[in-house]
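Engineer: Each chain, letter by letter, is given below.
There are 2 protein chains.
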Amino acid sequence: MALSPRHEHLLDRLAEVAVRVGVNIAHGQQLLITAPLDAVPLVRRIAEHAYRAGASLVTPFYSDDVTTLARFHHAADDTLDTAADWLHEGMASAYRKGAARMAITGGNPVLLANEDAERVSRIGRAASKAGRPAMELITRFAINWNIVAFATPAWAAQVFPGVPEEEAVSRLWDAIFQASRVMVDDPVAEWKAHNAHLHKRATWLNEKRFAALHFTGPDTDLTVGLADGHAWAGGAEPAGNGIVCNPNIPTEEVFTTPHARKVSGTVRATKPLFHQGTLIDDIAVRFEEGRIVEAHASSGLDVLNRILDTDEGARRLGEVALVPASSPISASGILFRNTLFDENAASHIALGQSYAKCMLDTDSLTEAHLAEQGANTSFIHIDWMIGSSKIDVDAINHDGTREPLMRQGEWSNQP
Amino acid sequence: MALSPRHEHLLDRLAEVAVRVGVNIAHGQQLLITAPLDAVPLVRRIAEHAYRAGASLVTPFYSDDVTTLARFHHAADDTLDTAADWLHEGMASAYRKGAARMAITGGNPVLLANEDAERVSRIGRAASKAGRPAMELITRFAINWNIVAFATPAWAAQVFPGVPEEEAVSRLWDAIFQASRVMVDDPVAEWKAHNAHLHKRATWLNEKRFAALHFTGPDTDLTVGLADGHAWAGGAEPAGNGIVCNPNIPTEEVFTTPHARKVSGTVRATKPLFHQGTLIDDIAVRFEEGRIVEAHASSGLDVLNRILDTDEGARRLGEVALVPASSPISASGILFRNTLFDENAASHIALGQSYAKCMLDTDSLTEAHLAEQGANTSFIHIDWMIGSSKIDVDAINHDGTREPLMRQGEWSNQP
Chain B
7 MALSPRHEHL
17 LDRLAEVAVR
27 VGVNIAHGQQ
37 LLITAPLDAV
47 PLVRRIAEHA
57 YRAGASLVTP
67 FYSDDVTTLA
77 RFHHAADDTL
87 DTAADWLHEG
97 MASAYRKGAA
107 RMAITGGNPV
117 LLANEDAERV
127 SRIGRAASKA
137 GRPAMELITR
147 FAINWNIVAF
157 ATPAWAAQVF
167 PGVPEEEAVS
177 RLWDAIFQAS
187 RVMVDDPVAE
197 WKAHNAHLHK
207 RATWLNEKRF
217 AALHFTGPDT
227 DLTVGLADGH
237 AWAGGAEPAG
247 NGIVCNPNIP
257 TEEVFTTPHA
267 RKVSGTVRAT
277 KPLFHQGTLI
287 DDIAVRFEEG
297 RIVEAHASSG
307 LDVLNRILDT
317 DEGARRLGEV
327 ALVPASSPIS
337 ASGILFRNTL
347 FDENAASHIA
357 LGQSYAKCML
367 DTDSLTEAHL
377 AEQGANTSFI
387 HIDWMIGSSK
397 IDVDAINHDG
407 TREPLMRQGE
417 WSNQP
Chain Y
7 MALSPRHEHL
17 LDRLAEVAVR
27 VGVNIAHGQQ
37 LLITAPLDAV
47 PLVRRIAEHA
57 YRAGASLVTP
67 FYSDDVTTLA
77 RFHHAADDTL
87 DTAADWLHEG
97 MASAYRKGAA
107 RMAITGGNPV
117 LLANEDAERV
127 SRIGRAASKA
137 GRPAMELITR
147 FAINWNIVAF
157 ATPAWAAQVF
167 PGVPEEEAVS
177 RLWDAIFQAS
187 RVMVDDPVAE
197 WKAHNAHLHK
207 RATWLNEKRF
217 AALHFTGPDT
227 DLTVGLADGH
237 AWAGGAEPAG
247 NGIVCNPNIP
257 TEEVFTTPHA
267 RKVSGTVRAT
277 KPLFHQGTLI
287 DDIAVRFEEG
297 RIVEAHASSG
307 LDVLNRILDT
317 DEGARRLGEV
327 ALVPASSPIS
337 ASGILFRNTL
347 FDENAASHIA
357 LGQSYAKCML
367 DTDSLTEAHL
377 AEQGANTSFI
387 HIDWMIGSSK
397 IDVDAINHDG
407 TREPLMRQGE
417 WSNQP
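Residue numbers (my numbering), protein chains in the order written: chain B, 7 to 421; chain Y, 7 to 421.
I should point out that these hints are in silico values taken from the structure, not numbers from a laboratory.
It is possible that some hints are incorrect.
Where chains are identical, the list cannot tell them apart; a pair therefore holds if satisfied intra-copy or between any two copies.
Said to hold, decoys possible - With a Cα cut of at most 25 Å, we get these calculated DMTMM-like pairs of lysine to aspartate or glutamate:
| hint | residue 1 | residue 2 |
| --- | --- | --- |
| 1 | Lys103 | Glu142 |
| 2 | Lys198 | Asp18 |
| 3 | Lys135 | Glu294 |
| 4 | Lys396 | Glu373 |
| 5 | Lys135 | Glu95 |
| 6 | Lys396 | Asp369 |
| 7 | Lys268 | Asp18 |
| 8 | Lys103 | Asp87 |
| 9 | Lys135 | Glu121 |
Just need the whole structure built from these sequences, with the hints factored in.
Structural biologist: Below, the structure written as structure tokens:
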């Protein structure tokens with residue numbers, strides 16, 4: 007589908023922001039890109055900006071929904087536990103040797119909605135396991151990486167159901183460009199200011215050293231203990247390889263590490279979760295000592311239960327993030343059905359692996375020490391939204407005193 | 007560009023032949039596919055046929071001319087010796103663990119015609135070197151593999167210059183479907199018969215144990231000694247993993263290993279060579295003791311000289327192949343500007359690496375033994391055409407006696 011000249015111009019800006027602000031490619035670095043086939047026009051622009059910025063080699067990997075579905079429909083049952091381990095090992099090797107990573111999101115959020123749950127689970131599990139060596143480098147923030155979005159027709163049709171394809175795609179592009187902060191005269195300067203704002207908030211939270219967060223609202227009474235030595239992050243940060251990058255475009259969150267054994271109470275999701283092509287709606291869970299002991303969903307419960315059974319860490323939290331209900335993405339009123347956007351429209355928690363950069367002194371601590379302090383380990387890291395304008399958040403100090411952090415989804419204390 | 011319903015049907019047959027006859031995928035095997043972006047419709051069909059035939063996972067890698075050229079135009083000089091070694095190592099690892107390989111050819115044959123020769127050479131050399139671990143498995147025929155073609159607009163424009171795009175693509179498809187033997191009621195049976203015919207020819211040549219071939223014609227007086235223990239091959243053959251496959255679709259050749267130190271005389275190419283996006287025309291070379299000591303070309307001489315300087319083995323031969331001038335591809339009268347087709351329209355020789363399957367007792371001989379018998383080693387393997395209806399070929403026996411093998415490009419002795 008042809009873009010309008012205005013959108014072509016904004017697409018080029020998005021590519022420039024992804025390269026200069028997002029991954030912030032260094033001279034001589036290789037860049038690996040994963041993208042849906044529809045995103046060719048963005049990949050081409052990213053490649054050009056990356057080479058201009060000094061990239062040594064840009065290697066795109068395209069995924070194609072038709073080829074993906076062919077496996078679900080035609081592959082023999084005894085072949086479903088196979089994954090491209092050789093490819094993920096190769097990618098991990100590239101990252102270890104200095105390559106940067108870019109992911110373009112925008113695939114059909116319900117691609118696998120009608121597929122057999124058992125096949126979805128087996129194929130997904132094998133892929134997650136094979137992807138572990140590369141994912142470990144990402145979650146550890148060892149390298150500079152970035153995710154940015156492309157408005158595919160399949161995605162736009164889910165966001166704007168019933169709207170003609172061309173209009174739906176155009177509206178989704180407008181929303182992406184707005185949320186990604188490229189609809190201004192100088193997007194790079196805009197991102198600099200936005201990063202400074204998020205840093206200020208994270209610094210304030212880090213100085214506070216809260217013991218826990220308490221979320222209350224409809225069907226929600228959840229206490230999320232924070233890990234000992236937790237560190238709040240938000241906006242651009244230096245990766246382990248020293249390069250300052252913005253992993254997510256857009257980003258509106260400040261986030262940290264919950265204590266994997268100190269989460270208790272109940273919580274209801276405030277937005278549906280779209281995971282590997284499946285919709286999981288109305289999630290409601292109960293935690294005891296950090297572990298989900300009861301889980302409900304009005305649809306996709308089967309998939310949710312399989313996620314929770316992935317491994318020991320999948321029932322525990324690896325991230326808690328605060329986003330005001332007035333964030334620009336939330337203000338757009340659009341349910342994007344894509345985590346990159348929806349998680350930046352609401353406070354959220356993530357099941358599974360925690361981020362090493364969200365712990366103090368990560369480099370000097372062993373895995374065992376980090377686990378002891380409350381960091382979590384898992385093959386998965388799945389965000390889901392628990393914030394809205396109906397949710398209050400209290401911060402709990404180590405002496406048990408409380409202070410209001412958010413009221414009706416907005417910050418109570420400006421840093 | 008949309009295909010006609012007739013071409014859609016033939017495309018599906020081509021995919022089926024590529025899967026069942028070409029790579030002959032085994033139950034549980036992974037399949038790696040490299041393809042130009044335009045070839046998505048063929049890749050999708052190949053993926054479906056492969057999954058139906060038992061493939062465990064099909065992983066396509068798409069190349070994109072625009073992204074490729076972005077590097078030539080914008081990358082810094084000090085980054086050009088970089089290649090995706092991690093990817094090629096990953097692919098080689100997949101092959102060693104049992105994966106099969108499919109390559110879809112059809113890119114623009116003169117993509118790099120206007121690029122700086124020094125940049126073309128450096129990027130090409132780095133890529134060849136990085137590709138070595140995977141190429142070694144292919145040339146050693148350790149795994150089942152296949153090349154098949156897709157008629158891209160850029161290729162069609164080169165084959166039928168001045169013809170409107172849609173007509174050029176349609177004519178190229180007709181030629182591909184004809185040459186690939188899918189325009190018959192039962193393509194799989196047709197290929198069975200064709201393979202039997204090529205096997206008969208190769209068996210006859212193997213029984214003869216000729217010492218050398220002598221090519222004569224316009225500007226050509228070339229004696230090609232055959233390696234001690236050379237073996238002729240043609241059509242379907244069992245790969246090292248035991249799977250019988252047809253590496254090339256189409257294929258019309260019988261071929262074997264020349265003696266790397268026993269080639270002498272002069273030869274002029276009968277068709278232009280298109281190598282990594284560059285045209286090399288009117289190649290004329292002189293051999294002494296197996297080595298090219300003088301090389302001319304009316305265009306692309308710079309690239310030819312860089313090829314010859316790749317390594318010690320690049321100036322010596324790794325393959326000699328016989329194809330009658332009446333082969334269906336030759337009879338089409340089309341210069342395809344693509345080696346897969348043009349090499350099956352004329353007898354040819356290849357610079358560089360020899361094929362292990364074209365030596366007897368390969369498995370029991372060391373590399374040093376094979377080299378002693380005349381096998382060649384190089385990073386490259388580049389075929390170029392020396393046959394036509396004006397070329398005669400004599401076979402020379404070990405006692406010096408001769409017999410006519412081909413006259414005016416046709417076989418003199420039917421096996």
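Engineer: Report the numbers of all earlier hints that the structure fails to satisfy, in ascending order.
Structural biologist: 3, 4, 6, 7
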